[in-house]
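Could you build all of it, start to finish, from the sequences and the hints given here?
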Amino acid sequence: MRFLEMGGYAAYVWPAYGLTLVVIVLNIVWARRLLARSREEARRRLVMRGEQS
Amino acid sequence: MTFKQWFHRLGSPPYVYAFGWLSALLIAYGVFGGLVLAPPDYQQGDDFRIIYVHAPTAWMSLMVYSTMAVAAAIGLIWRIKIAHAAAASCAPIGASFTLVALVTGSLWGQRMWGTYWEWDPRLTSELILLFLYLGYMGLRSAMDDLQRADRASAVLAVVGIVNVPIIHYSVTWWNSLHQAPSVMQLAKPTIPPSMLMPLLSMLLGFTLLFAALLLVRLRAEILVRERSASWIREALHP
Chain A
1 MRFLEMGGYA AYVWPAYGLT LVVIVLNIVW ARRLLARSRE EARRRLVMRG
51 EQS
Chain B
54 MTFKQWFHRL GSPPYVYAFG WLSALLIAYG VFGGLVLAPP DYQQGDDFRI
104 IYVHAPTAWM SLMVYSTMAV AAAIGLIWRI KIAHAAAASC APIGASFTLV
154 ALVTGSLWGQ RMWGTYWEWD PRLTSELILL FLYLGYMGLR SAMDDLQRAD
204 RASAVLAVVG IVNVPIIHYS VTWWNSLHQA PSVMQLAKPT IPPSMLMPLL
254 SMLLGFTLLF AALLLVRLRA EILVRERSAS WIREALHP
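Protein chains in written order, with this note's numbering: chain A, 1 to 53; chain B, 54 to 291.
Hints are computed from structural coordinates only; laboratory data are not their basis. Keep in mind that this is a model prediction, so the values were computed, not measured. Watch out, some of these pointers could steer you wrong.
Stated by the list, open to error - Each computed SDA-like pair below joins lysine to any residue, with the alpha-carbon atoms no more than 20 Å apart: (1) B:134 x A:35; (2) B:134 x A:42; (3) B:134 x B:228.
Given below as structure tokens:
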């Protein structure tokens, strides 16, 4: 488990890597959610327009 | 297929996912190489391994801003709607990675400089970059009219580009705590290959990640902006 100790710098190295991973994942989730939401909205609008005509 | 057709195709779904997976591979190798393969630094020990997340995120903060400013300028000058959409899609990505660059740098600085924060030229100009991103996003969300929001925020983005060379050269212009560049220089990099390769892999991986994120966000942005276009039906039900 010497690897996890990072030569005494564990308290600095792991949070730095952890934060980076979290922000990468959040960015992917945000982008996908944004696309899903705008597709949903566009689809709803198409249905509404179809009912009017 | 001409070059132009090929290049345009890169922006469509199968290629976007290819960018994403390629970026995941490069980042995975970079993390493994940075944490395991690279030897500890002779002065900084294992603490230097923060470079493998700090340098790529700092690179992202500048590259994304430059992309955003160029897109904004194109939108302003030639009035191309999709350029404004691209600029708007850059901001949240850039802001989040600028924050990571600041925090990882601060964690690194605590042990190497003895402080989390110092009002140093590099650190201060990078903080201003974060405020530029936040100001850009705030300005956009404060305006209801999309065209006015596009133009006003584009001016801010273009003016803010002066900060990018300031950040890059701050370490050579002033006496900064921050070290001078060891990779991004014209001469040969001053770090050995076992340390350099994972770093280059991370830099390329993050760049591709940005491409993938930007293209996904751009699709969402276009769907909202072109809400009344006749091709929307085809785009939703291929």
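Which of the stated hints cannot be reconciled with the structure, identified by number in ascending sequence? Number 3 only.
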